[in-house]
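Could you slot chain B onto chain A? The hints should help.
Here's the letter readout for the chains.
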Amino acid sequence: MNSLILQTATRVLVALILVFSVYMLLRGHNYPGGGFIAGLIAASAFALFAIAWGMEAAQRALRVPPGNLAMSGVLISALSGMLAAFKGEAPFSGQWFQLIGDKNSGGISISNVLIFDIGVYLAVLGAVLTLIFALEEAG
Amino acid sequence: MGAVGDTDSRDSRQAEPGRLISLLSPVPPTILTLILLFYMSDISAGREISFGVTWVSDLGVSLQFFIDGLSFLFALLISGIGVFITIYAASYLRGHMQLRRFYLYLYLFMIGMLGLVLAGDLMTLFVFWEITTIASYLLIGFNNTSAIARRSALQALLVTTLGGLCLLAGFILLGSLTGSFDMVQVLASGETVRASSLYVPILILILIGSFAKSAQLPFHFWLPNAMAAPTPVSAYLHSATMVKAGIYLLARLHPVLAQTETWEWILTCTGAATAAVAALAALRQTDLKLALAYTTMIALGTLTMFLGSDASAAVAAAITFLIVHSFYKAALFMVVGIIDKQTGTRNMIKLGGLGRVMPITFFTALASALSMAGFPPFLGFIGKELKYEGALAVASEPALVSTAAVFANAVTVTVAGMVALKPFLGKYPHNLPKVHEASPGLWISPLILSFLGLTFGLAPDLVGGGLVEPALTAVLGIPESIDLRLWHGINIPLLMSILTFGLGVTMYLGLRHLRAWLAWDFKHAPTSADLLWDKSLELLRFFAAFQTRILQNGVMRRYLTVIFVTVSIFLSYALLRSGQFPLEYNWPRLNLKEWAALLLTVGGAFMAGTARKPLIAICALGALGVGVALIYLFFGAPDVAITQLLVETLYLVLVAAILPRLPVFSPGRKIRFRPRDALLGGMVGLLVTLSILAVLQTPFDSPTSDFFEQAAVPEAHGRNIVNVILVDFRALDTFGEIIVVFTAAVAAVTLLGHQLRRGPQ
Chain A
1 MNSLILQTAT RVLVALILVF SVYMLLRGHN YPGGGFIAGL IAASAFALFA
51 IAWGMEAAQR ALRVPPGNLA MSGVLISALS GMLAAFKGEA PFSGQWFQLI
101 GDKNSGGISI SNVLIFDIGV YLAVLGAVLT LIFALEEAG
Chain B
1001 MGAVGDTDSR DSRQAEPGRL ISLLSPVPPT ILTLILLFYM SDISAGREIS
1051 FGVTWVSDLG VSLQFFIDGL SFLFALLISG IGVFITIYAA SYLRGHMQLR
1101 RFYLYLYLFM IGMLGLVLAG DLMTLFVFWE ITTIASYLLI GFNNTSAIAR
1151 RSALQALLVT TLGGLCLLAG FILLGSLTGS FDMVQVLASG ETVRASSLYV
1201 PILILILIGS FAKSAQLPFH FWLPNAMAAP TPVSAYLHSA TMVKAGIYLL
1251 ARLHPVLAQT ETWEWILTCT GAATAAVAAL AALRQTDLKL ALAYTTMIAL
1301 GTLTMFLGSD ASAAVAAAIT FLIVHSFYKA ALFMVVGIID KQTGTRNMIK
1351 LGGLGRVMPI TFFTALASAL SMAGFPPFLG FIGKELKYEG ALAVASEPAL
1401 VSTAAVFANA VTVTVAGMVA LKPFLGKYPH NLPKVHEASP GLWISPLILS
1451 FLGLTFGLAP DLVGGGLVEP ALTAVLGIPE SIDLRLWHGI NIPLLMSILT
1501 FGLGVTMYLG LRHLRAWLAW DFKHAPTSAD LLWDKSLELL RFFAAFQTRI
1551 LQNGVMRRYL TVIFVTVSIF LSYALLRSGQ FPLEYNWPRL NLKEWAALLL
1601 TVGGAFMAGT ARKPLIAICA LGALGVGVAL IYLFFGAPDV AITQLLVETL
1651 YLVLVAAILP RLPVFSPGRK IRFRPRDALL GGMVGLLVTL SILAVLQTPF
1701 DSPTSDFFEQ AAVPEAHGRN IVNVILVDFR ALDTFGEIIV VFTAAVAAVT
1751 LLGHQLRRGP Q
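For the protein sequence lines, the chains are A and B, in the order given.
Under my numbering, the first residue of the first sequence is numbered 1, with each subsequent residue one higher.
Under my numbering, the first residue of the second sequence is numbered 1001, with each subsequent residue one higher.
Chain A with its partners taken away, still in its complex shape (with noise of 0.2 Å):
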């Protein structure tokens, strides 16, 4: 499609729902969102950029080859979960580390959930766009 117009505001539009789609990520654990939902919204974004742009310029922008993307995501995931076991404790077992402050009162604290929940974004991310890269490919 060759559209002035969604072509300019895709340029904004993209940028903005992928910040977006961290936020949905990041904000997961306490409110709607999480790593499916953000890599699904991250994933329309690049299939916006394709619709404006084409194929290959959603490509160029990606960088990486989306299989790579969805690859890594399970692998992070995968060890998110295996960090457990330096606890001794099962696998896939939510692991926290406060950073500032005490537990009690707040402060920040950083766990492995996190890091398991953004392989699931990049896995749904790079999965997604896989598919619709192949099917625009075979068309």
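None of these hints come from the bench; they were simulated from the model.
Just so it is clear, the structure is predicted and the values come from calculations on it, not from any experiment.
Some hints could be false.
[As the list claims (entries may be wrong)] SDA-like, lysine to any residue: derived pairs with alpha carbons at most 25 Å apart:
id: 1; chain 1: A; residue 1: 87; chain 2: B; residue 2: 1056
id: 2; chain 1: B; residue 1: 1593; chain 2: B; residue 2: 1638
id: 3; chain 1: B; residue 1: 1427; chain 2: B; residue 2: 1359
id: 4; chain 1: A; residue 1: 87; chain 2: B; residue 2: 1515
id: 5; chain 1: A; residue 1: 87; chain 2: B; residue 2: 1730
id: 6; chain 1: A; residue 1: 87; chain 2: B; residue 2: 1713
id: 7; chain 1: B; residue 1: 1422; chain 2: B; residue 2: 1434
id: 8; chain 1: B; residue 1: 1670; chain 2: B; residue 2: 1654
id: 9; chain 1: B; residue 1: 1670; chain 2: B; residue 2: 1561
id: 10; chain 1: A; residue 1: 87; chain 2: B; residue 2: 1057
id: 11; chain 1: B; residue 1: 1341; chain 2: B; residue 2: 1430
id: 12; chain 1: A; residue 1: 87; chain 2: B; residue 2: 1736
id: 13; chain 1: A; residue 1: 87; chain 2: B; residue 2: 1430
id: 14; chain 1: B; residue 1: 1593; chain 2: A; residue 2: 31
id: 15; chain 1: B; residue 1: 1670; chain 2: B; residue 2: 1693
id: 16; chain 1: A; residue 1: 87; chain 2: B; residue 2: 1127
id: 17; chain 1: B; residue 1: 1593; chain 2: A; residue 2: 32
id: 18; chain 1: B; residue 1: 1422; chain 2: B; residue 2: 1375
id: 19; chain 1: A; residue 1: 87; chain 2: B; residue 2: 1284
id: 20; chain 1: B; residue 1: 1422; chain 2: B; residue 2: 1514
id: 21; chain 1: A; residue 1: 87; chain 2: B; residue 2: 1058
id: 22; chain 1: A; residue 1: 87; chain 2: B; residue 2: 1733
id: 23; chain 1: B; residue 1: 1341; chain 2: B; residue 2: 1284
id: 24; chain 1: B; residue 1: 1670; chain 2: B; residue 2: 1620
id: 25; chain 1: B; residue 1: 1341; chain 2: B; residue 2: 1366
id: 26; chain 1: B; residue 1: 1613; chain 2: A; residue 2: 51
id: 27; chain 1: B; residue 1: 1434; chain 2: B; residue 2: 1349
id: 28; chain 1: A; residue 1: 87; chain 2: B; residue 2: 1708
id: 29; chain 1: A; residue 1: 87; chain 2: B; residue 2: 1715
Same frame as chain A, now just chain B:
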């Protein structure tokens, strides 16, 4: 010039890959043998060693090992023969391009075999049993460029796996009957098992497994075909070890399953029949390796026959013969390998007069063959005398067993002549190329093995007290002593021996006439099981193709029809059985936005079903999806609603991408009204609605969701329950799902790529 030199040195490096491995390869089995020998006095004193770890505690399965006299004997044979096989293979396969792969398979097999005989748990035994099956598949098919090798490997795999599955079923029954998979406990509950109504099914299942592995009738046909393997493999797997796995199992479970008429008759008859069929087939062979393979079958049949009895003489005969057989058979296979390697043929018709040019090989062959034929003072003689003594002691059918034993041994004598005399004596054929003696690496192993046969024959106490007695005690369950010696005086077994020699020598001398007669009489017999196997595989393939054509013909509409019809049938059955009619349903009061969502959903569905243009139908489906998302949102599932909306969006993008490719979207094309589809769709919709209403009739049981609601913040530190479930409580499920997503994408790419190569139709 320098460039040429480079190429040469690289070539010579490549020409001998795995040279280091093959030189070091005898080390592990040697160490193992020494360790085992170190424990020999302990074992012969009656000690049992047991160790292991819990594996699947919920199923009562543990990785347990258990060493008593019987498993010790087998372990020693496997590692001891393994030493000689690895030494031999290092020379035999020298320069083979895939040597590393060969040793990987061979060690895999060795580990599997050792685990099998040392297993102290039925499930552990089964796992190692299957490892030997797979390793033997890889080894038989080692020359993977040969179609014959591949077919033989597959055949051995399928036959022994079929047996393995039966064995698993038998083990599970046996385990549930005795309450444990633990070998010691199973072995102690023989009386319970024999008295149970499950005894016969257990027996038959386990026997199928061990008969398939040990090439008993009617599963015998894979063994001769397995000779497609390289000779070291044949010498190791198909003479000394793997085929003995079934025999080991029979001996192992002897205290549990034996001492009944069923056991006795099945084993005696199968063993005798196998030995007889194999004996007839062995006489017909001109290929030395095949002739030896058939004598292995004779040996296996004989062993099975003797294990059918619970007389201690018969069992002692089986165990002694097992040791004897491992020594001479491995040695003879190696000798045939040497002949094959030096002259390029294994056909006995083409061979002769090699004794003068290959004196060491000749001597080795002669020594092993004399043991095989059972001449004094070799160990084979003691084994044979014991066999006759055992045959006479068999309670049920001494006449049958004795006749079978004499016939089998006579044929063995004949084959011993075929292997050790025919190629080495007589005139040197003029069309045979000039050959010389093999390298020491080739003849050293069989030479030592044949010397061992002689040494043990002269000093039978070396094996009698330390090996045979403990094994005998383990099989019979009561302490047994045995006196192995060469000269028992003039008795019936000795007379039977003389008869055997006479018969065997006569058959060897008249081999040409005998073979002509056999060829005329048994033209199809030995190959028929093989042909039957091919036919049954063909039938299986035909059936698979037939049902694939019906169920999976690649037409999407057909798949959906099958799925929906199945769902309808099962749902209506479940609904009728539930007895919840008439359904009570109170129409709730809906507010305006809920009416709007309902309208969107129902209207979208109606339009999608009735639209005549594909584009409109897709848009209507989108509207339907949005309606559903709204319903999720109104009823407190924002995450699901967001996901639904995003999926609808991406779905449209995907459809837009393939839109131009589908024939149904060609301009002007309209969707016809299909009454059958409408009926099916309507029915599924109605049934699903009814079943949801029926489910709503029962009160909501909520402990699971209560748990998640309560545990989300304190345990997982998150307030979004859906996400906490996804990434924390049920992270493993989610992980599985992203793998599915990834796999689906890869599969789609593969399918589309295929389509791409074929081009649009």
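Problem set entry | 25 Å limit on alpha-carbon distance, applied to hinted pair residue 1670/B and residue 1561/B | Given pair residue 1670/B, residue 1561/B holds - Cα atoms ~21 Å apart, limit 25 Å.
Problem set entry | Straight-line alpha-carbon gap residue 1341/B to residue 1366/B, limit 25 Å | Between residue 1341/B and residue 1366/B the Cα gap is close to 19 Å, so the pair holds against 25 Å.
Problem set entry | Pairwise hint evaluation, residue 31/A against residue 1593/B, where the allowed Cα distance is 25 Å at most | Status holds; Cα separation ~24 Å.
Problem set entry | Restraint check for residue 87/A with residue 1056/B, where alpha carbons must lie at most 25 Å apart | With Cα atoms ~22 Å apart, residue 87/A and residue 1056/B stay inside 25 Å; holds.
Problem set entry | Pair hint outcome, residue 87/A versus residue 1127/B [Cα-Cα no greater than 25 Å] | violated, 31 Å
For this session: Decide if the proposed pair is consistent with the structure: residue 1670/B and residue 1654/B, CA atoms, cutoff 25 Å inclusive.
Result: holds, 21 Å
For this session: Assess, step by step, whether the Cα of residue 1670/B is no farther than 25 Å from the Cα of residue 1620/B, and give holds or violated.
Result: holds, 16 Å
Problem set entry | Hinted pair residue 1593/B and residue 32/A, Cα distance within 25 Å | holds, 21 Å
Exercise. Are the Cα atoms of residue 87/A and residue 1708/B separated by 25 Å or less?
Worked result: holds, 24 Å
Exercise. Is the hinted pair residue 1427/B and residue 1359/B satisfied, with a Cα-Cα distance of at most 25 Å?
Worked result: holds, 15 Å
Exercise. Quick one, are residue 1613/B and residue 51/A close enough, alpha carbons at most 25 Å?
Worked result: holds, 23 Å
Problem set entry | Pairwise hint evaluation, residue 1514/B against residue 1422/B, where the allowed Cα distance is 25 Å at most | holds, 16 Å
The structure is inconsistent with the numbered hints 4, 13, 15, 16, 19, although it conforms to all the rest.
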